[in-house]
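S.K.: Residues per chain are reported as follows:
Protein chains: 4
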Amino acid sequence: MQRKLRMGMVGGGQGAFIGAVHRMASQMDGRIELVCGAFSRSPEKSIASGLSLGLPRSRCYGTYEEMMREEARRPMEERMDFVAIVTPNRAHYPAAMATLQAGFHVVCDKPMTFNLDEARKLVKKVQQTRKLFCLTHNYTGYPMVKEARQLVQDGALGRIRKIVVEYPQGWLATRLEGTGQKQAVWRTDPKQAGATCCIGDIGSHCANLAEYITGLRIAELAAEMTTFVKGRPLEDDGNILLRFTNGAKGVLWASQIAIGRENDLNIRVFGEKGSIEWHQQEPNSLILDWLDRAREIRRTSTPFVGAAAAANTRLPAGHPEGYLEAFANIYRNFAAALTDFLRGKKVREEDYDYPTVHDGLRGMAFLDAAVRSGRAKAKWVKMAS
Amino acid sequence: MQRKLRMGMVGGGQGAFIGAVHRMASQMDGRIELVCGAFSRSPEKSIASGLSLGLPRSRCYGTYEEMMREEARRPMEERMDFVAIVTPNRAHYPAAMATLQAGFHVVCDKPMTFNLDEARKLVKKVQQTRKLFCLTHNYTGYPMVKEARQLVQDGALGRIRKIVVEYPQGWLATRLEGTGQKQAVWRTDPKQAGATCCIGDIGSHCANLAEYITGLRIAELAAEMTTFVKGRPLEDDGNILLRFTNGAKGVLWASQIAIGRENDLNIRVFGEKGSIEWHQQEPNSLILDWLDRAREIRRTSTPFVGAAAAANTRLPAGHPEGYLEAFANIYRNFAAALTDFLRGKKVREEDYDYPTVHDGLRGMAFLDAAVRSGRAKAKWVKMAS
Amino acid sequence: MQRKLRMGMVGGGQGAFIGAVHRMASQMDGRIELVCGAFSRSPEKSIASGLSLGLPRSRCYGTYEEMMREEARRPMEERMDFVAIVTPNRAHYPAAMATLQAGFHVVCDKPMTFNLDEARKLVKKVQQTRKLFCLTHNYTGYPMVKEARQLVQDGALGRIRKIVVEYPQGWLATRLEGTGQKQAVWRTDPKQAGATCCIGDIGSHCANLAEYITGLRIAELAAEMTTFVKGRPLEDDGNILLRFTNGAKGVLWASQIAIGRENDLNIRVFGEKGSIEWHQQEPNSLILDWLDRAREIRRTSTPFVGAAAAANTRLPAGHPEGYLEAFANIYRNFAAALTDFLRGKKVREEDYDYPTVHDGLRGMAFLDAAVRSGRAKAKWVKMAS
Amino acid sequence: MQRKLRMGMVGGGQGAFIGAVHRMASQMDGRIELVCGAFSRSPEKSIASGLSLGLPRSRCYGTYEEMMREEARRPMEERMDFVAIVTPNRAHYPAAMATLQAGFHVVCDKPMTFNLDEARKLVKKVQQTRKLFCLTHNYTGYPMVKEARQLVQDGALGRIRKIVVEYPQGWLATRLEGTGQKQAVWRTDPKQAGATCCIGDIGSHCANLAEYITGLRIAELAAEMTTFVKGRPLEDDGNILLRFTNGAKGVLWASQIAIGRENDLNIRVFGEKGSIEWHQQEPNSLILDWLDRAREIRRTSTPFVGAAAAANTRLPAGHPEGYLEAFANIYRNFAAALTDFLRGKKVREEDYDYPTVHDGLRGMAFLDAAVRSGRAKAKWVKMAS
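Chains as they are written, first to last, in my numbering: chain Z, 304 to 688; chain U, 304 to 688; chain R, 304 to 688; chain C, 304 to 688.
Simulated from the structure, these hints should not be mistaken for lab results. There is no bait here: all hints are sound.
For chains that are exact copies, the list does not tell them apart, and a pair is met inside one copy or across any two.
In the DSBU-like style, the derived pairs of lysine-lysine whose C-alpha atoms are separated by at most 30 Å in a straight line are:
id: 1; residue 1: 348; residue 2: 307
id: 2; residue 1: 576; residue 2: 533
id: 3; residue 1: 576; residue 2: 485
Just chain Z, with the same shape it has in the complex (with noise of 0.2 Å):
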């Protein structure tokens, strides 16, 4: 029997949506039990919360600072393997910087810096630290994703053609940060969210969830972005043209003004021999259309997936994995990772399917460019690399 790994969380104090997220899926498995916090800038916020979870007011710290320190002074057997940053955008960065620079392992939201230049940063860092990195790009830890990204990889869809990825919202159709809403505040201020709300927000799932599929890069990209409720900052719907380094070309949109749309993240992969289609909010369900054969559709756990999506999976058919689930997969992945190396292995963090450092800097490098293009007069804008 292997021991739990131990977690310590940055971020997601009471009325956080994301912290609970990541404390439900890091303990879907029992692999992983929280064993300290800094949950709040306010330090009393912080132990509060830490409290209302269990935790030994020894372990409720009233800064992430001083949880990096503490924790580094305990003993081995008892102190925290990594830390899961769910804060704002904004201190992802420093968070991060800070528990790697403690020596601890890092699990963080997305997107993975406030900018471009923090995401440069923090790869050095990760590089430098040899720690694992993971970003929890939860959509990418559902099963039929994995079946998706499995048929791309056997060639079962032939050269990609064309991708069309969605994430409609309805939530910000009005301006509901002017009730005090929390998400809708911070979301909506550049000052905590960034240069980009909707594309930084949900259009970097969209990209993310193309190039995780497809294994393709997207080379360059025609952006519109638009703030239709008036007084918002930034942007609440962005429609975006992308090409991609093999000559796949793509359509790309984002909205939060999509009255109706709940989190309505979708994509579409054309091929030379066939395509796919996957809806996050049905995401057990594959459909498959092939050139020479009628539609198929493939689901969660029958004996007809292949091995990547079956070692994704808890349950029997039919018993529907949701959101939780697949944001539990990426601890899981990451969870085997980080066993390994603390038992001496050589971690390749690709080789466990997680999203890493590297795939935060893509992320980031998409924000940039989108930002960029929207603002251009010619038609395309280069991603950086």
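Got chain Z; can you put chains U, R and C on it based on the hints?
M.R.: Okay, now just chains U, R and C, sitting in the frame of chain Z:
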């Protein structure tokens, strides 16, 4: 009892797809009868086709010029009232001009002409001759498309912000024209189809549908036109960003290489108060989302749809009405206008809810702009007015 | 060029639903023309209906008896070939007997007769007169129903184990007949509809569809017939357990009080090697599941369907074919048989794939058994053969 | 901060399906921890399973009798609070009786006991010992099932007329038990599963779901139980007509030979004013139809659902919640009751919205009636009360 309207046909001989559709659609409601035709550029094929359709030999013409001449000589109570032009694109313009010149009304398949210049001339000719001119942008004939348009007109969705319209097909994913398949041969041939294949054939329906439903006008666009199948002189895929006159933004894409897609025209329109979604392959459902209540599904022929939809329906709810019924609605509305015209009423075509020569002109301007944008370095290209 | 077949009509006057359907369906393919009719029990209404349909006054008859007599006197090259009987149930039998007696072929709406005894007599009459008799169990006209039947015939599903067939409607959820609505009045009236309302009107389609697709025969059944709306003399809901001759089991239910259901006929068939599912409201998809591979969706008019489906299709894939097209397939197949018959060929009706008088007899036996079972204390009641 | 509740487990050793589900579900919200277990009838396997789950050796018991004895001796602040019984059906009753006898609360998988007599005794035992007893009829834990129940309770659907509830699976379409597959072996074995396989395993969920949503009680039924796979001693398919106490009628069917069906539990409820439809495989949508307005789709976690659904949700709309989350809701509601109980509050279990021993008794009465009816010649068999 009103008499049946008498239809002549140009094109649509044996083996043609769209000619048979026009015949079934025009005759569905018992108000139009086919009385003559020039069905092929080959006089022999034309006559054989006419005979096989049960026409008397005397009204199976070798050429449409002959048909115009001979029909004009027949007594009023016998000669054709209007001509349905169902040839490949190239011949639309000369046949339409000849028909108008000979004093007959016109129903014409789309795209209306071979290029923008012809379209402008045809508009003038219609205005000069004061004949009726119906363009069979058939997808606007569906009851739920009418419902969508009425919802926008009634302000139910509020100001329109975003439109996403798609038309994926997969039938040209391989070099089908190399096999001699008739439809593929002419549509991919610049001499017969014009400057565009995919956008001309199906992207044009997207633009028309978006403008029809929303009442907005495309102002400028940014297009990426791609030929994926080697050796094909025209594009088989197009991705286009749209800007509408009211500030709305849009995404339009069409493809003929989207394997598995049959005829998957669909549209989503997002407004300030609600949004709609419609799919041509399941045409009797209209999906509505609202700021303040749960998703609604309106269905053809139920008591819950408006007058426009109800007026374009033949069957009780749950008895699926399809492509032919929608196509027949175009003819039925045109027949109503022509009947009124023949009775001496002053007819404003826009009151009868069928596409006119002006819609045809806009369609050609859209194709012109798309082709120009596809070659441009600047992001935005304006549509000619 | 073969001549058009000449159709007379009994019933279907102004305001009737099914008469208009028969006219549109019969004329869709240009092989049948309406030449005369006795459209109402009221001679005035009959004549007015005929005139409004564009018939000459001389062939608008006051009664069907008159029509039979007068048409029989017309010259062969002019008189009607067959009669479409589209009255309420009560009149099917006498009109059909009179038609056969007068020497004409018959197309009859369902249920075929008012009771089982009439059905048996009608079978004999057809056999004696050697006329063609087509019963418009129209739902078997859909291409994907043909595909399903062919799959079973070809053994693709293996031995059939279980059939679930449903027909929910909601239009009689309130006492609509109290408002005078014509359809509701006669269907809920035992004098016009017979011993059953819901099972007779729509449950009969379930039984027919199940037997058509599987080739099996219902042997015995256990029925629960319920009247939910107070004051209604016939049942508006029925739940039935089925046993088929080969040992297969089934569930059949129909309802007219299922609020929100339009015309939701659907069937699932489970075999030893695979299973199928089909829904009348989305008729162009057939869902297939297999023991050894993932779910498959076959679609009308794609290259992936068999000969029977292909032969009953008019349009390319993705151009939805609906209720009228399926109904027209019944007429088209009947027209093929009648054309052959008139040319002197020996016609075996079962070779032409349309429902015959024998299907009508089975339908009446099913209704008879359902009504008997509804009153029985014993679980199982046998169907008369 | 309340302390975590301490759970012991009986059954659920390595290779078992449902034990792992109980562990993930119980721990999802951080309110319950697994502290001990007797995981297998084999002491060696039990201990190995416990160790692999990270339990200390001292709390991995060889038998559940030992666990009851030893845990009862531990100090109050350490010993288990309740026992989750996740064995095959046969052992539910003795384990539950022993647990109650030893003074612990119970969570028990379903069906509750091996037969109706045991169920009655268990009800008495619970009443005598005054312990809490939760039966994991997990499908009632879904938010949209709660919404459906609330709609009925609020009278939104009016008086309920008809219920159709189905549970098709395909996993036993072949003789899987012949391969030694563990789940198949015990479920098809009368000695381990009891007098029924299909209806006991999954039909029981149908009955429970129908009664839970509607608040009605099944009064009598007519069942057809069939074994399709040769050599199988218990039925693998069941079709049942239902009569409810208020006069409502129903159809219930379950199957294990429905090829392609994974775990397709679904229900439709038709009332006088509206109707609902829900599918377990797409659990976050509830379809509503109304007499007086268009179809509505309510979705988990949107603002448009009621308090009961909202209280059983963890994530924002569009973040799919699945089987584990629904299962966890049962545990969460039980944990709330147990926490109150331990604080000395008077707990009425029915106020906490989890299934109790009384639901278990009704389940066994349903199985008893179904088995009796399957053998009966009379149509209707009454459910024991």
